[in-house]
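Heads up, the final residue of the sequence shown is numbered 496 in the numbering used here, and it's a clean run with no missing numbers.
Just so you know, these hints were derived from the structure itself, not from any lab. Fair warning: this is a prediction, and the values are worked out from it, not measured in the lab. One or more of the hints may lead you astray.
To be verified - Label pairs and their computed distance ranges (CB to CB):
1) ARG283 <-> MET370: 27 to 33 Å
2) TRP440 <-> THR478: 47 to 53 Å
3) THR208 <-> VAL469: 44 to 50 Å
4) SER215 <-> ARG445: 25 to 31 Å
5) VAL429 <-> LYS318: 35 to 41 Å
6) PRO353 <-> ARG283: 30 to 36 Å
7) GLU410 <-> PRO439: 21 to 27 Å
8) ARG283 <-> GLY216: 31 to 37 Å
9) ILE458 <-> ASN407: 29 to 35 Å
10) MET370 <-> ILE291: 16 to 22 Å
11) TRP358 <-> MET444: 43 to 49 Å
C-beta atoms are modelled at their ideal positions from N, C-alpha and C, and glycine is treated no differently.
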Amino acid sequence: MLDFITWTASPDIISGHLATVRWYGLMFAIGFWAGYEVVWREFRHEGAPERWVASLFFYVIVATVVGARLGHVFFYDWDYYSRHLSEIPKIWEGGLASHGGVIGILIAIWLYSRWVTKRSMLWTLDRLVVPVGLVAALIRLGNLFNHEIYGGPTSLPWGFRFVDNVNEWMQGAPPVFTVPCHPTQLYEALCYLLVFGLCMWMYWKRNDQERPGLIFGVFMLGIFLARFVIEYVKNVQEPWEIAMRARLGLDMGQLLSIPFIVLGIWLIVRAFRRQRLTIEFPNRFADAKDEEKRKA
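Generate the whole structure from the sequences, applying the supplied hints.
Structure follows, in structure tokens:
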């Protein structure tokens, strides 16, 4: 058994004068590509118009980036950004909050449902969240390569020694390693992969999209309950959260997770209390005539 793992992977895949490609960006791109492919197959499976897929991902990508950035600004570091408003758009300097991304996506899906599908938000959300667990897992792998969002000290054999001065190290300075810490990026990634597998099974094997809100509810409960528990061994993102933990026993990530956990439980109960729908699966996209008939 290993006493610990010294993690020396570089955040950069390619680094040069012309371009720099980072693992985090690659994981993000792979996640969105995979998500697009899964949703494309779902919409075709149910006979929805193909144009809805590209439109959905435009809404989701914009909402994810804007929501995650504003979530970090308002939930974690408003004291700084309130005095440096011009710094808010600089997402390339870091600072994204997943809870803000979720709020942004919910707002975007409300608009998408009103303007594009003319169906309920739950119709879209039950299908959209199926691949999101995979996307979230890939993003956490990107955090692993960035030597960020890791946990507190541990004596477990799989503890990771991360490079604490990663920016200076990438400029040629010798690495300064942390003590062995919980690789909470991997803990979260594994949990999110399990949620992804569960949602895929519910959609493709059990047809649980016939219970509106059930898949979305299971996703919300699974993702944010895992996040809530893992936060206990994760380092806080901002120093002021140390006092928050001492006072409330929770950090900001846990506090923000509670409403999503409650929402997930409520959606699951609601789905089972209502009659199951019957959905046809034509396994082809709707053509223009089909769409006109549906609107009529």
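Could one say that the CB atoms of TRP440 and THR478 fall in the range 47 to 53 Å? holds, 52 Å
#### Entry: MET370 versus ILE291 beta-carbon gap, inside 16 to 22 Å or not
Once the Cβ atoms are compared, 19 Å apart, the range 16 to 22 Å for ILE291 and MET370 holds.
_Just to be sure I understand the hint, the distance between the Cβ atoms of SER215 and ARG445 should be within 25 to 31 Å; is that true here?_
violated, 37 Å
* Can the suggested window of 43 to 49 Å be confirmed for the beta-carbon pair TRP358 and MET444? -> This hint is violated: roughly 28 Å between Cβ atoms.
Subject >> Status of the given 29 to 35 Å range, CB of ASN407 versus CB of ILE458 >> reply: Taking Cβ atoms as reference, ILE458 and ASN407 lie about 31 Å apart, which means the hint holds.
| Between THR208 and VAL469, does the C-beta distance stay in 44 to 50 Å? | Since the Cβ atoms of THR208 and VAL469 sit about 47 Å apart, the hinted range of 44 to 50 Å holds.
Practice prompt. Take a look at whether the Cβ-Cβ distance between ARG283 and GLY216 falls inside 31 to 37 Å.
Written response: holds, 35 Å
>> Verify the CB-CB distance for GLU410 and PRO439 against the hinted window 21 to 27 Å.
In response: violated, 48 Å
| query | Is the gap between the beta carbons of VAL429 and LYS318 within 35 to 41 Å? | reply | At 39 Å between Cβs, range holds.
query: Are PRO353 and ARG283 spaced within 30 to 36 Å by their CB atoms?
result: holds, 34 Å
> Do the Cβ positions of ARG283 and MET370 conform to the proposed distance bound of 27 to 33 Å?
Replying inline: Holds, at about 29 Å.
In terms of the numbered hints stated before, the structure departs from hints 4, 7, 11, listed from lowest to highest.
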